[in-house]
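Number of protein chains: 2
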Amino acid sequence: MEYISGIIEKKHIDYTDFANNVDKVVSIHGIIHRVREMTGFNFVILRTKREEVQCIYSPDFSNFEWDENYFEQQAVVVTGKVVADETREGRYELQIHDVEVVSSPAEEMPITINKKQLNVEMDTNLTLRPISLRNPKERAIFKIQEGIARGFKEFLLKENFTEIRTPKIVFAGAEGGANVFKLDYFGKEVCLTQSPQFYKQTMVGVFERVFEVGPVFRAEHHNTSRHLNEYISMDFEMGFIDSFHDIMNMETAALKYIMNMLETEYAIEIEILKAKLPKIDTIPVIKFSDAKELIQTKYKKVITDFMDFEPEEEQLLCKYAEKEFGSEFIFVTHYPSAKRPFYAMDDANEPDTTLSFDLLFRGVEITTGGQRVHDYAAQVKKMEERGMNVEEFDSYLMAHKYGLPPHGGLGLGLERLVTKLLGFPNIRSGSLFPRDLTRVTP
Amino acid sequence: MEYISGIIEKKHIDYTDFANNVDKVVSIHGIIHRVREMTGFNFVILRTKREEVQCIYSPDFSNFEWDENYFEQQAVVVTGKVVADETREGRYELQIHDVEVVSSPAEEMPITINKKQLNVEMDTNLTLRPISLRNPKERAIFKIQEGIARGFKEFLLKENFTEIRTPKIVFAGAEGGANVFKLDYFGKEVCLTQSPQFYKQTMVGVFERVFEVGPVFRAEHHNTSRHLNEYISMDFEMGFIDSFHDIMNMETAALKYIMNMLETEYAIEIEILKAKLPKIDTIPVIKFSDAKELIQTKYKKVITDFMDFEPEEEQLLCKYAEKEFGSEFIFVTHYPSAKRPFYAMDDANEPDTTLSFDLLFRGVEITTGGQRVHDYAAQVKKMEERGMNVEEFDSYLMAHKYGLPPHGGLGLGLERLVTKLLGFPNIRSGSLFPRDLTRVTP
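Here the protein sequences line up with chains A and B, keeping their order.
Each residue of the first sequence is one higher than the last, beginning at 1 in the numbering used here.
Each residue of the second sequence is one higher than the last, beginning at 1 in the numbering used here.
Hints were generated in silico from the structure; no laboratory data involved.
Any given hint could be a false lead.
Where chains are identical, the list cannot tell them apart; a pair therefore holds if satisfied intra-copy or between any two copies.
As the list claims (entries may be wrong) - Simulated crosslink set (DMTMM-like; lysine to aspartate or glutamate; CA at most 25 Å straight-line):
#1 LYS382 / GLU310
#2 LYS188 / GLU52
#3 LYS274 / GLU86
#4 LYS10 / GLU154
#5 LYS158 / GLU263
#6 LYS323 / ASP394
#7 LYS137 / GLU175
The model shown is predicted, which means the values in this text are computed figures rather than measured ones.
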């Protein structure tokens with residue numbers, strides 16, 4: 001009988017181990033990212049899990065004979081002596097003693113991925129995604145994406161939130177409207193979730209504080225640089241709040257935690273991407289109506305939409321926050337009730353507005369949140385006033401009927417945050433395999 | 001101008017703070033789980049985020065007057081003096097000085113949720129999910145679920161895996177077959193993902209080691225106690241493996257890490273559920289053909305299916321592993337090639353079998369994994385032999401064409417693991433809001 005022990009043997013070392021192995025002969029594996037043949041010596045740049053590692057061949061280093069057939073995208077194990085890189089402070093390189101080829105590609109790459117910048121059109125980038133992502137700058141985006149979601153989770157667990165996993169096949173769209181994907185489910189017409197809204201409110205009655213990071217789906221019928229048809233929503237919902245300020249504070253603290261994590265644990269990728277992380281001290285807050293007035297008076301813009309912001313207006317508000325308060329973020333509160341969903345709580349003092357907010361960052365909205373209606377009678381009344389079929393929402397309203405504390409929460413779009421953080425103009429840059437009006441492959 | 005600082009004020013303490021506040025007057029919030037009125041004193045059991053907290057009213061404790069209308073599912077803030085619970089070692093209770101009602105339910109609960117066991121049929125439990133989950137034992141299942149996924153992620157991050165988020169709307173089912181949900185995507189017929197298989201293999205070419213925890217969808221046309229139509233798959237995929245033993249070792253190490261995390265950080269729920277965690281030392285490994293023989297010779301069972309196990313056979317194998325090797329887990333390897341997907345690598349020594357495995361635990365398969373074909377020509381050949389339309393998979397095969405290291409991985413069903421771990425006979429117990437043939441609400 002054979003047994004599996006769970007002991008993980010590390011057959012090759014990582015680049016991070018180089019510092020402790022100077023002058024020793026070690027093995028490292030990776031993908032050949034670039035080969036440069038010079039006079040008398042050659043460079044092999046290995047692409048490893050997170051870093052590029054420079055290996056140098058010279059007949060002076062060993063008896064190993066250079067095989068002219070080493071080429072890009074081969075998987076190899078390189079053995080050699082670790083030495084300090086004399087041209088780059090604090091970096092190490094490998095003097096090649098041996099190269100073992102583990103696997104080879106069938107064809108040469110149709111695009112150049114081993115330059116700093118991937119110089120192809122967005123469309124080519126996305127069509128060739130499996131290989132364009134091999135460009136160090138492209139893949140670094142998704143290490144940062146990992147870090148953001150990881151920071152979000154770690155922070156909320158620390159704050160005694162429970163992570164939940166709610167269904168994506170649902171009976172009704174949380175946001176309503178036409179942009180819902182419909183699905184045949186054993187003869188029944190159902191939807192793909194637009195938001196975990198109903199479930200996270202329900203779960204406030206169970207765990208008080210919950211969060212989820214998961215996919216949501218919006219059948220938006222237009223291609224823009226700010227929308228995806230499938231994206232990752234980072235959601236939380238918390239009970240026993242005094243006001244929606246509790247939610248804005250929780251988000252601000254989460255963002256600080258995330259930025260700190262990126263700075264410390266994702267320095268490699270921050271450097272590759274030359275990203276400028278925002279400094280978050282305090283975030284200014286402005287009411288929706290005041291913001292509209294400001295845009296009109298200060299920026300001389302004629303307001304045509306009194307219910308929502310146009311993209312240009314969000315940019316102006318961010319410009320204002322940056323200039324006046326040195327903040328790249330700004331909270332806008334008290335959005336008109338007519339533009340917010342039925343579960344948003346109205347402000348008792350200004351019943352046309354809601355106790356809700358958006359968070360804008362570098363010119364675009366990255367979060368929508370607010371306090372929710374928790375009282376059953378009040379929620380039913382609001383739905384009836386909107387002409388909704390209350391019975392359809394029976395299973396959602398069960399939580400209200402049998403008691404919910406005052407609560408609220410938010411949704412934070414992961415791809416929007418990562419692209420704005422890294423300064424990309426198109427949200428597709430922040431999605432591994434984006435889904436848009438025309439694209440479901442790869 | 002108003003500002004948000006991100007400073008989180010803790011207005012009420014948690015039960016975990018009680019130990020440091022003995023004899024002090026504190027406030028705690030929660031949901032009234034049970035009220036017991038006795039002669040001369042009353043009990044209020046509060047349901048808080050993770051624990052039940054006992055509060056006692058007596059006119060001796062303060063001038064506070066008991067309001068006879070306190071009832072179950074009200075959200076309250078209770079203020080009082082922390083004292084040691086004399087009947088339960090190491091526990092604390094609160095002598096009530098004040099009760100503030102924050103919100104009240106509209107109706108009385110249709111089921112009893114405040115007994116230890118929720119004594120309702122599965123169907124009632126699921127129909128009333130928003131409130132049945134308020135039962136401490138029911139909700140504890142999902143804290144354990146959180147812990148399993150958290151342990152999986154933490155362990156893999158430590159092993160230098162990158163967390164990825166791949167699309168759920170896809171162009172082709174990874175597992176093939178009829179059980180794919182179809183979807184109209186702007187006039188195109190597409191699928192809901194059955195597995196992140198194609199994407200995680202693709203991402204081996206980018207990050208070498210990747211994992212994902214996310215929903216997958218299977219249009220199974222039968223209701224069983226072991227299947228869900230939407231479930232959470234915990235997947236990883238790793239490059240530069242020597243054999244599929246590397247994958248089994250990684251899984252075994254991950255399971256050890258997870259069990260350790262549950263024992264230390266989820267002791268509250270382990271206790272509530274009286275769960276018996278498996279001890280994992282080494283896990284025995286048996287070949288599929290040997291397992292079939294064993295079942296026939298040792299357990300005198302007539303084999304009718306030579307390509308796969310029947311549920312009873314999986315139970316027998318687990319019984320065998322437990323009895324002979326003291327292990328609640330057993331790996332079965334070398335499944336017949338004909339029953340494994342096209343991307344599974346065949347064993348060069350026994351070409352009818354694959355370098356693949358299942359992991360069985362307490363009578364049921366919880367993981368399928370193995371080494372994959374990484375060579376482009378070999379993969380195309382295998383697909384052609386199966387009569388597949390290779391062109392359809394162009395975007396998947398791009399990774400192979402332009403080079404992939406030897407690699408493999410696995411998928412671990414979260415709901416199966418959690419229900420088996422906690423000893424529930426029906427997988428629905430391990431899903432917050434299960435989706436089956438007849439159920440899409442709540």
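Results of checking the hints against the structure:
no. : hint            : verdict
1   : LYS382 / GLU310 : neither (27 Å within a copy, 53 Å between copies)
2   : LYS188 / GLU52  : neither (52 Å within a copy, 41 Å between copies)
3   : LYS274 / GLU86  : within (23 Å within a copy, 61 Å between copies)
4   : LYS10 / GLU154  : between (28 Å within a copy, 19 Å between copies)
5   : LYS158 / GLU263 : both (19 Å within a copy, 18 Å between copies)
6   : LYS323 / ASP394 : neither (48 Å within a copy, 50 Å between copies)
7   : LYS137 / GLU175 : neither (35 Å within a copy, 32 Å between copies)
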